[in-house]
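Here the protein sequences line up with chains A and B, keeping their order. For any residue, its number in this note's numbering is found by taking its place in the first sequence, counting from 1, and adding 163. For any residue, its number in this note's numbering is found by taking its place in the second sequence, counting from 1, and adding 6.
Just so you know, the hints here were simulated from the structure itself, not pulled from any lab data. One or more of the hints may lead you astray.
[To be verified] Computed footprint of chain A on chain B; a stretch qualifies when at least three of its residues, placed anywhere within it, have a C-beta under 8 Å from a C-beta of chain A:
| # | segment |
| --- | --- |
| 1 | 19-26 |
| 2 | 42-51 |
| 3 | 54-64 |
Note that CB positions come from ideal geometry on N, CA and C, so glycine has one too.
Here are the chains, one letter per residue:
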Amino acid sequence: MYDTIIIGAGMSGLAAGIRLAYFDQRVCILERHYTIGGLNSFYRMRGRDYDVGLHALTNITPKGTKKGPLARLLKQLRLSRDDLNISAQLGSDIVFPGVRLRFDNDLDLLRAEIAREFPAQQENFEKLIASVVEYDDLDETHQAISARQRLAEMIPEPMLVEMLFCPLMFYGSAREHDMDWGQFSIMFRSIFMEGLGRPYAGVRLILKQLVRKFRGLGGELKLRSGVDRLAVEDGRVVGVVLENGEVLEGRRVLSSAGWPETMRMCDDGDPVTTRSAGRLSFCETIATLDVQPKDLGHDRAITFFNDSEEFTWEKSADPCDVRSGVICSPNNFAYDEPLAEGTMRITSLANFDYWQGLDEQQYQLEKLRWYDRITESAVRFVPDYRSRVLDTDMFTPTTVVRFTGHDNGAIYGTPEKQFDGRTHLENLFVCGTDQGFVGIIGSIVSGISMANQHCLRD
Amino acid sequence: MTADDIRVEILDILEVIAPDEDLSNIDDAVNFRDQLELDSMDFLDIVMELRKRHRIQIPEDDYVQLASMNSTVTFLEPLMKDIVKA
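All chains, full assembly: derive it from the sequences and hints.
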């Protein structure tokens, strides 16, 4: 009998596992895939290491900072800042037609950029900062307010509003067209007020540290152990039935599989709460270059681009929506020594149904076709690197399904979150993307707080 | 454990849960929250560390007793008097 069975060895499941194992629980993490990480993972192909998911860590405050989500999670997991070996970004930007706003981990740069490009909005931007700071992320009462409505009231300059939404939505909005005010505030602080950074070795370092910690505390991790169903009796989960038929017993279950996905596992008939899955998924192209991006004149860690004044955040009607995107260069962080090769990654919104509907041959061809289109769109905003490419890869919404199990390849899960983590069963709880916080730091914080609230106190 | 032993133990716990804090100048009469960056998660950890190390159960209603060093030691003294210092 386990004290807690955790479904999913992504960031949130591993973080929850560490908390529980540290306090002497018998914990087992079940992972369907043959590898850990879920949405944030890594692989090796043709002799090169690749990251999936992570562009940059958010919430990067200077070393020694005692406040904020990064400090909180390091304390809670008994990790030191050096364990994650994070280097700050060199700088990023948001590019719309005719306007480029640069930002880095010091809010003053963004302030100055806005003063230059939108001088009339300086004071309004200060007001926005003040109200974002006021939002208490441990108090969920403001979550439901529309961020678009609040911003429209504060900043009567539509293009600036769109430029602020673009990065925040790309990095964390499960909802189309809008964000909850709470989510907006959390993301604004994470990206603009705290900042971006990356471990030299990428996401694998974070995952390896989490797994090492979990196992070191006696936690069990079972890979290739998909859950077939949760056996329910009298409002409780009484057994976790694996796809191979094995049955595990736990006093409680914490699932990071997603809300609709977890509900479907319960064998007590109709889920009490039906909730639509998210619709927003991504394609991402990855190019390895024979040159460092900065030698091509590109020194930005992240470039968020949009090719018209209005930014559209919705399920793509085309296979990929190439009007906007995120260009990430893992090279452009302040490491002690440069990465061995140049990398450019481009993320764009994509249509899950289209990619899901292709047969294998069409899928391979369409990947080539859309790789080209996405890249063609992006090189309008960064130096054209296409003649320097050594190797490429690409993921689509169907890849996301394979790694995360999320319906529709929904990167940020369902639009409606379950902030308290509770379900209709007294000993089943959810953590991760569908609980509330997204992104790597958000997922880890989610795992920690759900473990604290529901799994530690008895 | 004596009151002094308990104080040392609490300092050791704080060292583990908040390694970036300077604990050398703690004022025992002042609330932890007013001199250290501790949030509700950290207070839960004080409770959990005490449970992990000494098998002491502290009901949630009593978490308020852990506000300052003085109140914590006073509250823990009867609970920890039979625990032998390691």
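For each hint, the structure was consulted:
1. 19-26: Check passed, 5 qualifying residues.
2. 42-51: Satisfied; 7 residues make the cut.
3. 54-64: holds (count 3)
Hint violations for this structure: none, all hints satisfied.
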